[in-house]
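Residue numbers (numbering that gives the first Met the number 0), protein chains in the order written: chain A, 0 to 208; chain B, 0 to 208.
You may find that some hints are simply not true.
Note that the list lumps identical chains together, so a pair holds whenever it fits in one copy or between two copies.
Said to hold, decoys possible - With a cut-off of at most 16 Å between alpha-carbon atoms, the simulated EDC-like pairs for lysine to aspartate or glutamate come out as follows:
{"hint": "1", "residue 1": "K25", "residue 2": "D94"}
{"hint": "2", "residue 1": "K136", "residue 2": "D170"}
{"hint": "3", "residue 1": "K136", "residue 2": "E99"}
{"hint": "4", "residue 1": "K17", "residue 2": "E45"}
{"hint": "5", "residue 1": "K202", "residue 2": "D94"}
{"hint": "6", "residue 1": "K141", "residue 2": "D84"}
{"hint": "7", "residue 1": "K25", "residue 2": "E142"}
{"hint": "8", "residue 1": "K141", "residue 2": "E154"}
{"hint": "9", "residue 1": "K202", "residue 2": "E45"}
{"hint": "10", "residue 1": "K25", "residue 2": "D72"}
Quick caveat, the hints were computed from the structure, so don't treat them as lab data. Only a predicted model underlies this, so the values are computations on that prediction, with no experimental measurement involved.
Number of protein chains: 2
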Amino acid sequence: MNPVDYPEPIRVLIGYLKRLPGIGPKSAERIAIWMLSGRQGNFGLEMARAVTRAAERVAPCRVCGFFTGDGGDCVICVDPGRDGDILCVVEQPTDVLPLERTRAFRGRYHCLGGRISPLDNVEPEDLRIGELVARLKAGEVKEVILALGSDVEGEATANYLVEVMGENFPDLHVTQLAQGLPAGGGLEHADELTLFRALDGRKRIGGGK
Amino acid sequence: MNPVDYPEPIRVLIGYLKRLPGIGPKSAERIAIWMLSGRQGNFGLEMARAVTRAAERVAPCRVCGFFTGDGGDCVICVDPGRDGDILCVVEQPTDVLPLERTRAFRGRYHCLGGRISPLDNVEPEDLRIGELVARLKAGEVKEVILALGSDVEGEATANYLVEVMGENFPDLHVTQLAQGLPAGGGLEHADELTLFRALDGRKRIGGGK
């Protein structure tokens with residue numbers, strides 16, 4: 000005879016919870032029991048409503064691919080205070096917020112939805128590159144900043160985009176985020192490639208002519 | 000000006016997720032974005048349904064306090080194959096499954112819903128002790144096993160129950176789980192109190208008369 004298990008609705012809930020990223024079977028069980036324990040009031044029902052609402056309302060912005068919560072274009076695309084001359088290309092919509100938090104960029108964004116990675120079956124046509132070209136054709140953008148990952152796939156995607164944009168928009172400035180030592184990191188923690196790039200991209204800060 | 004944040008339905012969802020035990024703000028954000036990314040299909044809506052269903056259906060068994068998923072008594076209480084002579088008292092309904100997995104106990108359970116802990120404002124009347132006394136009054140139970148935590152609050156709760164049961168049911172056998180070395184643990188990993196209890200509870204395994 001099998002040992003007694005939780006009632007079926009709890010088992011189903013645990014099954015969903017353990018599919019969440021970073022949640023193992025033990026955590027899933029703990030979370031499910033916590034949610035259903037009387038002490039949390041209506042937490043379970045309220046959270047279910049929040050999930051449903053987000054799943055129904057949140058969609059990618061048709062222009063840039065960032066999140067929008069009301070079916071229209073996102074808050075960045077509709078903001079007239081944004082600089083339309085300069086477009087920052089990122090891999091994922093989640094890359095937008097870290098850049099926004101720097102408050103150093105006041106242009107608009109374009110989220111590719113990933114990076115070229117043949118091993119994961121992600122080819123250029125799986126990314127929002129056609130949409131990028133269409134946006135650039137409108138002619139307003141003067142500079143594209145490539146803010147992609149500094150790993151092999153990020154570099155490959157950057158190279159591909161440089162080629163596509165070079166062919167189609169010869170006057171467009173294309174730049175890339177600086178690579179080098181991260182803030183607060185000593186030399187002893189930097190890997191070889193980071194140091195190589197930091198040396199390669201060194202900037203003159205004084206002396207001579 | 001504040002930096003751009005996620006649309007409001009995502010922020011609300013993150014707010015709920017980070018209240019879950021063991022989930023920090025970073026994990027909550029990661030889980031929310033993962034759930035809403037198109038790649039997971041209808042995962043968000045399906046999970047919301049599972050949460051709602053569990054929250055609506057799961058309730059404590061009126062008899063023993065374990066979980067029931069259909070409004071009736073739990074699978075253990077309704078199982079006629081269970082031994083009605085012997086009742087195992089645990090703190091939480093979640094303590095039932097580990098005991099069930101041993102397959103060493105075929106009696107029924109009584110979940111107190113916690114343990115006496117004045118520091119957390121848990122007094123005897125906050126626990127299902129009245130319900131326990133009522134079950135014992137029916138007269139079927141011959142032995143009560145106290146399977147409470149082996150910490151201060153668990154011991155205090157056990158002492159209190161021994162007193163209550165001694166007054167009301169002088170013929171009832173009251174036992175407690177053995178305390179000693181955990182399986183697979185060497186002496187070098189055992190703390191002082193565990194070793195003290197292991198010595199105190201030593202069992203004769205051979206020799207002499």
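Hint-by-hint comparison with the structure:
{"no.": "1", "hint": "K25 x D94", "verdict": "between (31 Å within a copy, 14 Å between copies)"}
{"no.": "2", "hint": "K136 x D170", "verdict": "within (12 Å within a copy, 91 Å between copies)"}
{"no.": "3", "hint": "K136 x E99", "verdict": "neither (25 Å within a copy, 67 Å between copies)"}
{"no.": "4", "hint": "K17 x E45", "verdict": "between (20 Å within a copy, 14 Å between copies)"}
{"no.": "5", "hint": "K202 x D94", "verdict": "neither (27 Å within a copy, 63 Å between copies)"}
{"no.": "6", "hint": "K141 x D84", "verdict": "within (5 Å within a copy, 84 Å between copies)"}
{"no.": "7", "hint": "K25 x E142", "verdict": "neither (49 Å within a copy, 32 Å between copies)"}
{"no.": "8", "hint": "K141 x E154", "verdict": "neither (22 Å within a copy, 74 Å between copies)"}
{"no.": "9", "hint": "K202 x E45", "verdict": "neither (54 Å within a copy, 53 Å between copies)"}
{"no.": "10", "hint": "K25 x D72", "verdict": "neither (40 Å within a copy, 26 Å between copies)"}
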